[in-house]
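J.: Sequence:
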Amino acid sequence: PVVLLLAYGVLRLSSSLFNELRDVVFARVRYHAMRRLSTRVLAHLHGLSLRFHLERQTGAISRDLERGTRSVSSILNYMVFSILPMLVEFTLVAIILFTQYAPVFTLITFSTVAVYIAFTLA
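This note's numbering numbers the first residue of the sequence shown as 1 and each following residue consecutively.
Do not take every clue at face value.
Unchecked claim - Simulated DEER-style distance windows between Cβ atoms:
(1) V10 / F119: 36 to 42 Å
(2) Y116 / L17: 29 to 35 Å
(3) Y116 / S38: 35 to 41 Å
(4) A118 / I96: 20 to 26 Å
(5) M79 / F110: 42 to 48 Å
(6) L92 / D23: 21 to 27 Å
(7) G9 / H44: 29 to 35 Å
Calculated from the structure, these hints are not laboratory results.
All C-beta atoms in this analysis are idealised placements derived from N, C-alpha and C, irrespective of residue type, glycine included.
Required output: the full structure, derived from the provided sequences and hints.
T.: So, in structure tokens, the structure goes:
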């Protein structure tokens, strides 16, 4: 039992370590994308007419800009760490099912996932 407890501790520690390393590596990508987006939006705002700026509240524009960049960061994070790995896994499973078993199993799997997505989004 002591070996199992130690193995559990090592696995928990390595899990936390790899999650932190993932966040450190992805932080550069996330901040680069946010900086690029913010720069483009700011350049667009600078190109707008004086009338637009006089009729708007500066704080509201700033708040919307901040919320937008945070949302893009969240979406990017979700896509890279949730959606893309799931799509890769689903594709690999479909390839294995198609090559190792009858193609009907692949069709059943795709149909089941499609129905699940439809019910989840509805």
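J.: Which of the listed hints are not met by the structure?
T.: 5, 7
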